[in-house]
Each structure stands twice: as structure tokens, then as C-alpha cells.
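Listed in order, the protein sequences are those of chains A and B. Counted the way my numbering counts, the first sequence spans residues 2 to 500. Counted the way my numbering counts, the second sequence spans residues 16 to 723.
You may find that some hints are simply not true.
Listed next, the in silico DSS-like pairs over lysine-lysine satisfying Cα-Cα at most 25 Å (straight line) [as the list claims (entries may be wrong)]:
(1) B:LYS408 - A:LYS432
(2) B:LYS46 - A:LYS369
(3) A:LYS199 - A:LYS369
(4) A:LYS369 - B:LYS181
(5) A:LYS199 - A:LYS496
(6) B:LYS41 - A:LYS369
(7) A:LYS55 - A:LYS432
(8) B:LYS408 - B:LYS181
(9) B:LYS408 - B:LYS591
(10) B:LYS181 - B:LYS407
(11) A:LYS369 - A:LYS432
(12) A:LYS496 - A:LYS369
Pair by pair, the computed Cβ-Cβ distance ranges are [stated by the list, open to error]:
(13) A:VAL37 - B:THR17: 33 to 41 Å
(14) B:VAL57 - A:PHE373: 47 to 55 Å
(15) A:GLU276 - B:GLU682: 31 to 39 Å
(16) A:GLU451 - B:THR17: 56 to 64 Å
(17) A:LEU477 - B:ARG612: 28 to 36 Å
(18) B:ALA313 - A:LEU495: 19 to 27 Å
(19) B:GLU682 - A:ILE140: 36 to 44 Å
(20) B:LEU684 - A:ILE140: 38 to 46 Å
(21) B:ARG43 - A:ARG458: 39 to 47 Å
(22) B:LYS46 - A:PHE373: 21 to 29 Å
(23) B:GLY676 - A:ILE140: 48 to 56 Å
(24) B:ASP621 - A:PHE373: 51 to 59 Å
Rather than coming from a laboratory, the hints here were simulated on the basis of the structure. Small disclaimer: the values here were computed from a predicted structure and weren't measured. Heads up, the beta-carbon is just placed ideally off N, CA and C, and yes, glycines get one too.
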Amino acid sequence: MLAWTIYISFIGVLVLMLLPREAARAARIIALFTAVAGCVVAFAGAMQQPDPGKVATIVKVPWIPAIGASYYLAADGISLVLVVLTGLAAIAGILFSWNIEKRTKEFFAFYLALIGGVYGVFLSFDVLLLFVFYELTIIPKYFLIARWGSTRKEYGAMKLALYSFVGSHLVLIGLIAAWVVARAQTGHASLDLMELSKVPFPLGFQQWVFPLVFVGFGILAGLWPFHTWAPTGHVAAPTAGSMLLAGVVMKLGAYGCLRVAMVLFPDGVRMWQNEIAALAVIGIIYGAGVALVQRDFKFVIGYSSVSHMGFVLLGLATLNTIGLSGAVLQMFSHGIIAGLLFAVVGRMVYDRTHTRDFNDLQTMQLGKLLPFAGVTFVLAGVASMGLPGFSGFVAELQVLMGAWKVFPMAAILAGVGIVVGVAYILRAMQKAFYSDAPAEDKSGPEHPLEPISVPERIGAIMLLATSLVIGLFPSLLLNWIQPCWNSPLFERLLKGGSL
Amino acid sequence: MTWIAQNLWLIPVLPLAASGVIAVNKQRQHKLAATLAIGSMVLAFLLSLCAFSATLIHHGESGVFREVAGFNWLQFGGQWLQLGWVLDPLTAIMLVMVSFVSLLIFIFSVGYMAHDENFTRFFCFMSLFAAAMLGVVIANNLLLFFVCWEIVGLTSYLLIGFWYHKPSAAAAAKKAFITTRIGDLGLLLGMVWLYAETGTLNFYADGHGCLESSALTAMVTHMTAAGMAVSTAIGLLIFLGAVGKSGQLPLHVWLPDAMEGPTPVSALIHAATMVAAGVFLVARVYPLMSAHPEGAAAETAALQVVTWVGALTAIFAASVAVAQTDIKRILAYSTVSQLGYMMLGLGVGGVAVGMFHLITHAFFKALLFLGSGSVIHGCHEEQDVRKMGGLKKFMPVTFATYAIGMLALAGFPLFFSGFWSKDEILHAAHGWPVSHIPFFLGCAGALLTAFYMTRQVALVFFGEYRSSGRQSAHSSSKTDKHEKSAPTHVGGYDGKGEPHESPAVMIVPLVILAVFAILLGFVGTPAWPWFDGFLNGEPAGFNFSKLTESGTLGLMLASAGFVFTGLGLGWWLYGKRQRKTAEEPDVLQVAQPAVFRLLENKYFVDEIYDATGVRFNAWAAQACDFLDRWIWGGVVMLVTWVTLGLSSLYRFTDEFVVDLGFDTGCETLREGGGEMSRWQNGRVQTYLRVIGVALVVLVLFLIWGRKT
């Protein structure tokens, strides 16, 4: 049933392509309908799954028997969390791009293609299939940014695409190497994740292949110092694009790190554990620091994503169930919160004021002109800085708890990152919305700002409510995530392999 | 389990619900907002009384009465983390204090904020604050404690920045939030460590809690790298949280700035409850702080730190208060100083000593703040004490209640609560075996307290009114530009710029608080140490002979002596010789300009922080930004350039090497083709001629070829 999330999205793409060019309204409605259907299927499928701890096969048919590739879709609790996140983010993104007038139907076609690819990655249990879906997401991403973006869009789009391709080629090399070695060891060719995870790769092999694959995926997760695509890409992208980039695309990278790199090469992880944690912590502090001095509103949020994704990577590096659960929870939480922050900056503020420069924004008194946007940003900002009650707190708390057991120093430094996080959010909040700086001419903006529309309100409330519900009842997701660690897939990772 | 212990959660949830309902209602429904907020507080107060009486009934049965309840919240690894609440004497007493003071301040605010356009927002935030604060009080779990603690911090931020269009208020709010967040980082790490160490965050859970003996013994014996017991290290981290919230050195800088918020906020949050939460936190985890191995000295390192920080803060802030001119800032520094006393009390004398001062202070400081609110209100938003004077004529009730609060704070002997609670602290400090210095610091602080309060009261209420109507009109028009929604004058604004008494809704809470500022002292006198006994689960009896015991009596006399000296000095310098104009320099400024400048500028702590921490942070952030823009960006650009360069090279090769060969080849072919095509020019004669020649050649070839 969950496989229909992928099919529905691509059917949506086909239907949109058949539409006449002028039918902008119809395109929007079809896109929204597709996204809602995908989300409903994701929820229903997740609810149906009897035991989220087990990997439940959805479909498995041979694809390229010669190399052992199969069309193998399956899901465990971690997939469920991310599939549901994708469903929610997809709906929200469409609600916040309701005002796209330029080539509406192409926009949504690319958008849905991206969503379909993302669903595919989260549900693939065949590494080649996963890789194909992973590559598939790059193309729509490129066009979404290059065509509908703003500030230096060609540059941002190209940078993103190049980074992604470099990353995926590292992954590809690693996977080919793994396939070759696995065939030599087991005697038959397979690309099945479950089977590969049982192959005892030699230590020397893991030592160099693991970083290759991990960094390859990590690039897309904003791993420092390969993170610079993220801020420029986010800034260049249209609102829905940055929402998806931060909301789900960065999660693809983190998911790949966990699902492929770490599961296949558990001893490799242990060898590089400290280095990963160090890079993650640098990313946390560094991202927060850079966010503190930006003049462009969107760059603040872009860098905050780097910082928050650092928590995901730190959680992964802990290799204990608390930290890993925290990492997955943080993927979900950041997907929701960053999406909302980008929605406020891109759609609610930039589309109306046509500026993101704090120096301009602080003369506009947006808090009074757009009270809804102000309140939304305050709440989203509070959630982003990890205040209890919102999902970020439980996620980051778990990561810190997990990290404390392995590298206390990293936990302390990550905590420092949280404090800086408070500072940049408050700074952005006051500069953008609640500042009273005198404008050169007291006339205010030439046209009265368009009031916040209904789709925006629905989207904002939906995302806020999600973050709040998960913040108050984290067990809803943890009941899916927690049992996964007992599955044979993660056995070697958690129990300690040959090291 | 008693009914109230089971349903203790109702107490914070009531104001929380009120806050939610206010938030979703229309902005103009002032009456509804006030009714909801006050109504929920009344209910919370009644329930708190229930809880209090439940502990009273069970008081003295066997040890400390304590009931806990909880539920599973979060799965952690394989374990469930619980959230829950605890009813014990400490909780009960704090509950009653917080809900009662909140209730009075809510009522006061109805008058104070009456004309503010954001009246409903104010009550929404205040209710949210009260809910979170009550949550802090009942929490039986460091996690729930932390959750509520953070929400308290958030509402404090929102309320300090309530008039956010004032740049100073916005800056103060940000400063407060970030400074306390630095302390909270310690608390967070302490919590994480505590969990890693004990596997639980519950305070009390039938012997399995982290404050109960089995966990404590384990932590005491387990050493960290620096040779410090784990319990001490965790205790210190947690104390860092308390330092931030309670404005102790060196994180005190936010509290005086926080006075930018509306005065009721200062009274409730920044005097009576939130800032006391830090003290309460130390009291709550006191078993952890005081845990020590069998046979070791009872003064653990953690408690020594608490003591020293408290004592130093007490004297530091008291000395700064001497040189301030803003009525609220004087009170703010006084709050910092008094919080230092509470910490000192906790460090040297235990929970009961610190908590007693916390409770009495809550009442008289709330009284003083509300009184100052009434004064500010009456003087048309003037906050500079130099521009006041002679107000006792204009505002008799405010004056009377303010004087009571001031005497209580100064520690006027026998009749005021502050005397008894401060006396207990000094008494305990006197008997502290480690060092006598905290005791002397405390005594000096007591003298200074009496001095600066006398100075303030003398400047505000005695002498002649020093602000002319014109001046005040000028200053208010100046502020009005930035304070469009600042409270405008209620009641008898006579247009002449004369101060006036405040309306009844503001006066009544003052009177009630004043009554408590006097009465509360009598529950903790040496003769009837009921408070002490209540918290420690021991019965307390009357014993008047205790009062006249040599140690007690001597200390009481000494402390009274300090107070009278302070009062006398203050009156001599400021009361007898009233300043004539607002601009005149301070008496101390004339006598000791250098010292006064140091105090006036609060020992330049803010400047030092700006020059070091803040600047370093900004520098580091800039450096990272630079790195991203130029180094990482540069690497990317470099790669781009290299790629472009290579591409150009390739293009060059293509154009001049590959293409040249290719083109030449093509050209040759083409030309060859052209050459060939000349043969097919369609002229039949030429064809025939060629055929003829070919024929001849062929024939000749055939003839001669055969032969050879």
C-alpha cells in the first residue's frame, strides 16, 4: 500500500503534463489533491503496519537479475516516520506555493516528481533502486531552483546539482565496490539491503569505503564542510523549493547515511565515529555562528538548517539507541520546523515585501502589518531553538543524552550551539518583525501588503500543530522508531561487530 | 493517596487553559481576559490551599509527608521517562505563595494595564507564566521541571519585551533570554549527566528517585576525572541554571535590564516568583547538593559554591543599588542582592533557612514593586527618583504600604518579616564552620540594604516634589513617541502634572501584601520555628527562652545594630538634607566621585561582557561567515575556475588541435570531392572525348600488354 505514495505522485506528474498550459488553477488543485492523497496513503500505510520494528516487504520482483538488482520496496519504522514527514511537507509546500503564476503546471509537475522520488528513496530496500530514486530527485530540484528561484538562481541550482552529483558518485563508487566484494564473499550477486547487511566486509575495506559512502550521502545532509550548497540553494530556491530542500531533501542524505552507509559498514562507522561527531559538532556551532551575522533573512534559516542537521549527524555518530532515535526524531522535527520557517520568510515576507534584507525589513514594522506572520515566526522560532513543548526539544534532548554517554565534550559543545541558536532566532525575529527603526520616508510600503491568505494559514497551522503534537506526545513517533533498533538490520551496528 | 496529590496537575493546567482561551479570543475582550485569568488563579489558589492543608494534616506523622504521581511520557532507549508531580511541604508552601502573589498581582494589573491596547495579550502571557511557574513548583521530575522552567523563561522574554517597539525593551528581553539560556545550558547538561548516571530523572519514586539514598550513595562514591564526586559535578551544573535564573553573579546582568517590562511583570516575575525559581531549584535538589560520603564534612563543595556565590552577590548588588537613580532599578538590584541572601541561606543553613527568606521576600518585594508601580503611575511614568519627592502627601496609602515593605526589606527588628528571615540566614552563616567571611559579607549587605532603601524612600516620599509640570509633560511626550501603548494615566489625572493616588483596584493588593509582609515573619522566629519544622517534617513548639539564649540574642542585637546604622546613615544623608533640584549631584557623588562612578556603572560588568564575550561571539560568527563566503566558497570558486580553465584549455585543444585536424581532413575530402565533380560537368563532348581517349588507351594496352 505504501508503494502507492510513489505511484500517486508520478501519476500526478502525468496528469499535470496533459493539462493545457493556461489551466493554472486546475494544476494547483490537482497537485494539492495528489499530495493529500499521498499523505493519506502514507498515514494509512503506516497505521496498517503491524510491527514497525520489522521490515515489511511491500513489493519485491526481479529487476536486473544479472547483477542481483530487484524492485524491492519495503518499510520499517524509520521509513514510516520519514514517509509521513514527506507527506506533510508535500502538502505544506503546495499550500505555500499557491501564488505561483509562472508556468504553474510545470512547477507542480517538477514538484510532484521530486516528491515521488523522495518517497521512493525512503521505501527502497534495494541499494540500486534507492540510488536511482536518489538521482531522480536531483533533476526536478535543479529545475525548480533554476526556473522559479530568486537571488542568483542559476548559480544556486548549479551548485546544488553539482554537489549532489559529486556526492552520489562517491556513493556509487562505494556501492560498486561493496557489490564486488560481496559477490566474491558470498558467491552470488545481490543488491538487496537486507542481504548486503549480513555480509562481513573485511575491516580494511570498510575503513575506506565507509567514509566514501557516508560523505557521499552526508553532502546532502549538510555535513560540514560540504554544506555550502545548502544556504545558497535554500536562498535561491522558490519557497516550496526551500521547504522541500530543508524539509525532506536534506533528510535523504541523513537517511542514506543511516540506511546504507552505517548498516552496510558497521565497523567502518566505529572507526570513523569520532571524526563524524567532530564534524557534526563543528557544523552545529559553525552553522549557528554564521546564521548570527547574516543580513539576508533567508540565509539565517539556511544556516540554521546546517546547524540543526548537525544534531542528526551527531545522533547518528553516537551509535546507541537513544542517540539514533534522537537523530531520526530530529530529522522529522527539523523537516517540519525548517519548512515552516522557510514558508514564513519566503512566502509570507519575501513575496510581499520583495526584500529579505534586515536593514529594509526593520523599517517596515511587519509585526503590525502581518501579525499572523509575526506570530507564526515567533512560534516556529521558539520551536527551532528547542524550547520544550515543540518537537525540537525532545529530539535534541535525546541526541544530547545519547552523545553524553559516548563523547561528553561533543554534548557540551552542541549545547553551546543551542545557546547561539537562541541568539540568531531572537535577532532575526526582532529585526524582521518587531523593530521600530526609523525609515527614510515614513510612508511605509507603496502598496498595502496583501493579507495572509487562507492556504498559508492552513499550512502554517498544520506544521505548527504537528511540531506541537510530537513535542507533547513524542511516543507517537518513538513507538515507530524505537523497535527498529532490535531488527536484524541494525544488529551489527548496535551490538558491536568484530571490533 | 490524597485526592489533591492525585490531582495536583489541575493547579498549573487551570491558568494554562485560561491562557489558551484568551489567546484564541478577540483582542478587544478585556473583561473576558481579566475574568478568565483571575478566575483561574482564584481556583488555583484554592486548590493550593487544599494541597497545603493536606500537608498540614499529615504533618508530623512520620518524617516528611510526600506523595508522588506520574505517567510515562517518552521512550528513552529501552526505558520510559516519566513525568510527574510531587506533593510535599516544599511544594505546598511554594504553591500557596505563587498562586496567592500571582492572584494579587493580576488584580493590580487590571488597574495598571487598563488602557493598554494589548491588555488581552498581557493576561494571556501572565496566565501562561503562572501556569509554567506552578508547573515548576509541582514537578517531581527534572525533565518536567526543565520544560516548565524553559516556558517560564520564554514568558519572561515575552513580557520583558511586552512593549517591543521600545528598542531598550527589545534589547533587554533578548539579553534576559540569552543570559538565562547560558545558565540553562548547565541545567540541561546536568540533567543529561544525571540521567546517564542514575537512569532516572524522577526526584522521588519510592526509593528509586535520583534524590533518594540509593542513587545518591552511588553518585557520591563515583568520582569524575577531576577527583570530584559525580554528585558534586552534577550539582554544580544544575546550580549554573539557578545562577542564570536567579540573577546571581556572574549572570546577574539581565535582571536590572528586565525592568523594561510593565511593572506588574517586574513584581511577579522578576521579584516574587521566577527569579526565586533558581533558589527553589537548589532547595529541590538539596539532597543532591548536600550528598556526601559517610564521615566527610557536611559542607560539600557544591554547597560551598552556593554559599560564596550567594554572599558575594548579596554584597555586590547591594552596593550597586546605592548609586542607582531609577526606582525600579534600585529594587532590581535589591532583588539580586536578596536572592544572594537566599542562596547564602541555602548554602549555610539548609532548605528551611533559604526558603523562609524566599517566601517573606516574595511578599515584601512584590509589595515594593507594586508600590513603585503605583508611584510611577501617579507621577505620570516618571521613574527617576531624583525627580520625585514629597509623595507621601499625594499618595498616603502607597506611602504607608511602601514604608512597610521597605522596613521589611531593610530588616527592621521584631515587627517585620524580613528581620526574622534575614536573621536566620545570618545566624546560620555565623555558625558555618568553613569560613566567617560570608557572615561578614551578609552583615555588610544588611547595612547597605537598610541604607539604600532609606535613601530611596527619602528621595521619593519626603521633601518637596521636584518635578515641575512642564518637565514631566516634556518627558512624557518624549517617551510617548516610543510608548504608544504604554499605560496611560488612570483616574485623577488633573492635567497639572501633580502626582495622584492610584485607584482602589491597585491599592487593595498593596494593603493585603503589606499585611503579609508583617505577619509572615512570625512563623519562623527562633521562639516558634514552625516553618523549619514544617519543611523538615518535625513538630515545632513554642519556646520563648530560645529568644533570649545568648547566641541568638547577641546576633539579633548585632543585626539590629547594622540595620539601624544603615537606616540612620540613609536618613542623615538623604532625609535630613533633601536635594533641592533633580539635577543636583548625589551626596555620595560629591564625597567619593570615583567610587560612586564605579557603583553607578554597576562595576562595568556589562561593558566587560560586551568587550569580551559578546565581541568574541560576534567575531567568531563573522569568522565563520568569512570562512563560508571566502574559504569554502573560495574553494568552490577555485574548483569552478580550475574547471573553467581546464574547459578553456579543452576548447583550445578542440579548436586548434582536434578541430584543425578534423577540419583539414574534411576540407581535403571536400576539395577532393570538388575536384572529382569537375569530371561530371554534363558536357557530352568531353565525355565522348574521354571515352575515345580511354578506348585508345585500352586498345593500346590490350595490344602491347598481351605481348609483354
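Hint check results:
no.: 1; hint: B:LYS408 - A:LYS432; verdict: violated (45 Å)
no.: 2; hint: B:LYS46 - A:LYS369; verdict: holds (24 Å)
no.: 3; hint: A:LYS199 - A:LYS369; verdict: violated (60 Å)
no.: 4; hint: A:LYS369 - B:LYS181; verdict: holds (14 Å)
no.: 5; hint: A:LYS199 - A:LYS496; verdict: holds (14 Å)
no.: 6; hint: B:LYS41 - A:LYS369; verdict: holds (16 Å)
no.: 7; hint: A:LYS55 - A:LYS432; verdict: violated (48 Å)
no.: 8; hint: B:LYS408 - B:LYS181; verdict: violated (33 Å)
no.: 9; hint: B:LYS408 - B:LYS591; verdict: holds (17 Å)
no.: 10; hint: B:LYS181 - B:LYS407; verdict: violated (31 Å)
no.: 11; hint: A:LYS369 - A:LYS432; verdict: holds (13 Å)
no.: 12; hint: A:LYS496 - A:LYS369; verdict: violated (56 Å)
no.: 13; hint: A:VAL37 - B:THR17: 33 to 41 Å; verdict: violated (50 Å)
no.: 14; hint: B:VAL57 - A:PHE373: 47 to 55 Å; verdict: violated (33 Å)
no.: 15; hint: A:GLU276 - B:GLU682: 31 to 39 Å; verdict: violated (59 Å)
no.: 16; hint: A:GLU451 - B:THR17: 56 to 64 Å; verdict: holds (57 Å)
no.: 17; hint: A:LEU477 - B:ARG612: 28 to 36 Å; verdict: violated (59 Å)
no.: 18; hint: B:ALA313 - A:LEU495: 19 to 27 Å; verdict: violated (44 Å)
no.: 19; hint: B:GLU682 - A:ILE140: 36 to 44 Å; verdict: holds (41 Å)
no.: 20; hint: B:LEU684 - A:ILE140: 38 to 46 Å; verdict: holds (40 Å)
no.: 21; hint: B:ARG43 - A:ARG458: 39 to 47 Å; verdict: violated (21 Å)
no.: 22; hint: B:LYS46 - A:PHE373: 21 to 29 Å; verdict: holds (25 Å)
no.: 23; hint: B:GLY676 - A:ILE140: 48 to 56 Å; verdict: violated (36 Å)
no.: 24; hint: B:ASP621 - A:PHE373: 51 to 59 Å; verdict: violated (36 Å)
The structure fails hints 1, 3, 7, 8, 10, 12, 13, 14, 15, 17, 18, 21, 23 and 24 (numbered hints given earlier, in ascending order).
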